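Please put together the full structure from these sequences, using the hints given.
Letter by letter, the chains look like this.
2 protein chains.
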Amino acid sequence: MVKRYLSLCSLENALHLLKTSFPVPDRRETIPVTASLGRVVAAPVYAPCTVPEVSLAAMDGIAVKSRDTLGAGDQAALTLRDFARVNTGNVIPPGYDAVIMIEDTVEDGDAFRIRKAAAPGQHIRPAGEDIQKGRLVLPRGHLIRAFDIGALATYGITCLEVRTVHVGIIPTGSELVPLGVRPGPGQVVESNTIMAQVYLDAMGAHCTRLPITCDDKDLIREALRSAAAANDLVLISAGSSAGTRDFTAEVISSLGTLLFHGVAVKPGKPMMLGVIGGKPVIGLPGYPLAAQTVIREFAGTLLEEWGLAPAQKFPVPVRLATPVSSDLGFDEFLPVSVGRVGRQYWGMAQSRGPVVQMATVRANGYAHIPAPVEGFEAGHKLDVFLTTDPATIQRTILLSGVMDPALEELGNLARDEGLYIHAGNTGNTGGLLSLRRNSCHAAPMMIPEPSRQSASGFVRSLQGMRDLAWIHIAGIEQGIASREPVSPDALDRLRWVTVRRDLFSPTIFDALLSDSNLDPKRLPGITFEVGSSAAVAAAVEAGQADAGICSRQAAEARGLCFVRVADEQYELALHCPMLDDPLIAHLLALVRGQEFKAALMRRGPYDTTQTGRVCRMPAEPAGPEIGRAGSPSGLI
Amino acid sequence: MVKRYLSLCSLENALHLLKTSFPVPDRRETIPVTASLGRVVAAPVYAPCTVPEVSLAAMDGIAVKSRDTLGAGDQAALTLRDFARVNTGNVIPPGYDAVIMIEDTVEDGDAFRIRKAAAPGQHIRPAGEDIQKGRLVLPRGHLIRAFDIGALATYGITCLEVRTVHVGIIPTGSELVPLGVRPGPGQVVESNTIMAQVYLDAMGAHCTRLPITCDDKDLIREALRSAAAANDLVLISAGSSAGTRDFTAEVISSLGTLLFHGVAVKPGKPMMLGVIGGKPVIGLPGYPLAAQTVIREFAGTLLEEWGLAPAQKFPVPVRLATPVSSDLGFDEFLPVSVGRVGRQYWGMAQSRGPVVQMATVRANGYAHIPAPVEGFEAGHKLDVFLTTDPATIQRTILLSGVMDPALEELGNLARDEGLYIHAGNTGNTGGLLSLRRNSCHAAPMMIPEPSRQSASGFVRSLQGMRDLAWIHIAGIEQGIASREPVSPDALDRLRWVTVRRDLFSPTIFDALLSDSNLDPKRLPGITFEVGSSAAVAAAVEAGQADAGICSRQAAEARGLCFVRVADEQYELALHCPMLDDPLIAHLLALVRGQEFKAALMRRGPYDTTQTGRVCRMPAEPAGPEIGRAGSPSGLI
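So the protein lines, in turn, are chains Z and U. In terms of the working numbering, the numbers along the first sequence are unbroken and rise by one, the last being 636. In terms of the working numbering, the numbers along the second sequence are unbroken and rise by one, the last being 636.
Simulated from the structure, these hints should not be mistaken for laboratory data. All values reported here derive from a predicted model rather than from experimental measurement. A virtual CB, placed ideally from N, CA and C, is assigned to each residue, including glycine. Incorrect hints may have been included.
Claimed, not checked - Far from chain U by the CB rule (all over 12 Å, computed), these chain Z residues:
hint, residue
1, Q75
2, H206
3, D246
4, S351
5, E377
6, V486
7, Q610
8, V614
As the list claims (entries may be wrong) - Below, computed lysine-lysine pairings styled on DSS-like, alpha-carbon distance capped at 30 Å:
hint, chain 1, residue 1, chain 2, residue 2
9, U, K313, U, K381
10, U, K65, U, K133
11, Z, K313, U, K217
12, Z, K381, U, K381
13, Z, K381, Z, K313
14, Z, K597, U, K133
15, Z, K313, U, K381
16, U, K381, U, K597
17, Z, K65, Z, K116
18, Z, K217, Z, K19
19, Z, K266, U, K133
20, Z, K313, Z, K266
21, Z, K65, Z, K313
22, U, K597, Z, K19
23, Z, K133, U, K266
24, U, K313, Z, K381
25, U, K266, U, K217
26, Z, K217, Z, K266
27, U, K65, U, K19
28, Z, K133, U, K116
29, U, K266, U, K19
30, Z, K19, Z, K266
31, U, K313, U, K597
32, Z, K266, Z, K116
33, U, K116, Z, K266
34, Z, K116, U, K266
35, Z, K597, U, K19
36, U, K266, U, K116
37, U, K116, U, K65
38, Z, K133, Z, K65
Right, dumping it as structure tokens:
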């Protein structure tokens, strides 16, 4: 057996080593104050002058000698001839010690009449009211905000010394192409170092991305040697697993010391930490989500430890909408979508594949599952760190069920109205469970034709639900997609691809087999089960299977042949009272609008004749013949 | 009477007018994806290709035909000769349909032995696993985060269309000088438009700051006309009050329509809104804190309404540490410092003067007091919107009492340790009240010499407190500061400046009068009462008074003559159990360190011989003779 990692370093130990093995570089740069937003000041900033430098009028009016005003009153107007007209901010001329607001005076030729005495100092801004010369404006380590810049400018501060760190980032891998070059088969765009640069630069670092180094030990060694000499921190991307061309660990050891290779963190396990010439070298895993974890939890943490601007963390306590499993002994990080259903915040885990970057894109936060935990039940409470403006959470609609491009178009329209749709691809069954837990606003479901419903275990399970309402999104044709036309009597010789059975009831495939008198056991094996109708079509297009069951829309998007087998109804199921929820009411208006229908027509063949129709299930569950009476599509 | 504003527009009406009077400009620009952090996408982004395009190895290992592996088991090793060595990410060669991890194999010459059968599709990333061509990557209106950029790059997206808005900003005022020019008396650095530019650019706008226009109606008209023609939004700074040279409202009316002048918002009242050629024109008040309110609550809100990146809002529910008054009918915004004392978040209002920019700099959040409220009692619960990383709140030490530059030096050192000191200038009495409410960690207090304590009402009030501990910061010499040496028999002919009586017991001044047998009534009036010892010295230096009572440090910093009258002890008072709080324990270690003493010696004359000494008051209050037994300085 080849052992990939001799031993895994715990997250805690890895962070401890990272934070304590290297001196703080204390690198600084001087920048114009106008370009300092989000930067961290390197040295305390003291006021170079007193502001205001002299006493000023705090109001528009007249500067007066307060003793002249004694005796003025409601019944005793007093005429002042010794005054100076001042506007707000004007210097108080010598001898005057109070200002009377212009609205408290009546002009009378070249005099002013007043009806109230002025107290000494009244409406005068004393010298130094804002700050005195030599006083502290910003402590060392202060993170500069927009309004701080206003104050600094007012005090005449034009430039600032702020902290920075020089980071060299080396992408390695013969399969990589730079952004802008279209990758061939098996090639990928080198994007992990772009993420690292964007993330770390936002903290105030200066990242230098070096050219892609192919999997050649000597080239990697040379790149690493010069990057470590020129920077305070080096990230080297990929080459960190145990493949035949993973040289990073070996090269680090040859130039310095490898502190550890492999951390008990998922995703992120192949991470490594070394030291070359006293400088830390972090080996980033090649998988994008693993790279993200290491960028955020290790590289970002080190820069924060070195005094750069922390990435803001806003934790929200949520309940898990779905159970989450986790490997005992591994600290896991998972992308989560958070929304508020009723009075409760729910967190829906997104896909956890280490390469599915869309999981992070779709999520609005992430959760950390500590190493001693094997997972959590649905309903468990934990903190999610938001990656979006917290204010958006109140306007987020959580959906759990079957995904379809129709939802993407709805999501676009919703965003124009300030609504955020977050959806989990949990299938019909997952959607049903979420509705039972009240952990989603609504569940998009794919409901079979009435004639097929009796065969569907899923539809039978709907009987247990009371008070459901259904918002019809669209009718969707389902059928056989293939690269070449298929003959009905050759179905049993094809390699098939279907959606995973845990996602939704593959009624179409069952129906097809039954209609063709095919014995599932005689089929040559389902090569792939994939996550969505579109993935089925992609697999057929790519030749991984000869035929698959998917929507006409998915098949036509790939230019595949398509034979219709049945129609399914794409429905949004929800508890009846949820129809009164302002977010859902807003959403329903969008579903019913012309813009949504137009978007559906553009996007693919959808039957939109019933789009936006709402029906309610009877409060009492129907009898066993739900295909006739109780099913949503039966009613629609 | 001159009426400044004919009528004030409510915040709600003003926002309604702002949001509904202007079409969304829908201005876009195309930028490189690598420069898109924090921007908002203008059009939905669909995947230009399927990722991965073909099936790939998900692990380092061997690609196999799954049917060849049937029969392998723990007791039945199976030797495979038909395989392809693959690294993670390699294309699966035709014919193979599973990958076996290298650690689950034993190499055997040019064959591999396995002990477990492979399922079809095992460790293969199917084509389209991450995304399929044509599927939605980012909805319209999506705010781009660092890790989104990674996904976009992976999908081969090099450029993005994002939203922007062109904003023209006109600074007006003959008293203004641009940043970099030292202002003369009565001049100020033009900083409000810098704030506006920094704040709005961070939302994705392109602001153009025009040159300073002096208070000349024709010049302002011409600047406004061309700015409105060239931009989607115009901000015109100042000239919005009712001074003799406030022309903004008049000029807007001459070029277009003035929608309102004056809002029931504090600070920010003189704000105005107009329309010129269909474009909104916002008149910013001249006072910096009023300008901030209008930039954040109006200009920022309009850009958010237009779809730009919102300024993130992190609300934290806090209890008010001090009572807050508010004008009925005015929506007020006040800078607040938030910290956690025990299990409770407390918010301490900073100074609310509309020109004291340091109040915003010192605060870590702000609160909104709605118009129908006249104020809140201490202890009232309300939301504060943080202006700093929420994580820092847990490491914030709240102090309430007498401010002194010694605290600034302590704040610098604390920041190096990841601690944040937030202090409110509430005086001895305010500090005492805060301690009673447990709304601060500790109260910095200025304690008179034992011989003066019997005269001090404040020290008597300390008797009511039990279980107090005192951390000695430094001894501070207090005395008379003046520009020219003062003769003891001329004291009653001087114009004096003192600190405000509500800030701390002005024992020194009382003692001086008593020692000199002076009758306070015979003094020619205290021209100014100011907020701190340093402000006293500034007022004397500026000639607003002939003499003042302040610290030697403050006097010498201004080059004033100084005659010592008494010593006071600068002490940090706190409840004894607070000494065990980790933040305070950390702080105490800093107070006792050599670095702090060195900083105090650099900063000014301080007596540091006792710095860091802790004493506890007896649990039972002492008798009336607290100067001998019960007082902190008596014990130290």
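**Request:** State the violated hints by number, sorted upward, taking the hints as numbered earlier in the document.
**Result:** 3, 4, 11, 16, 21, 27, 28, 31, 32 and 36
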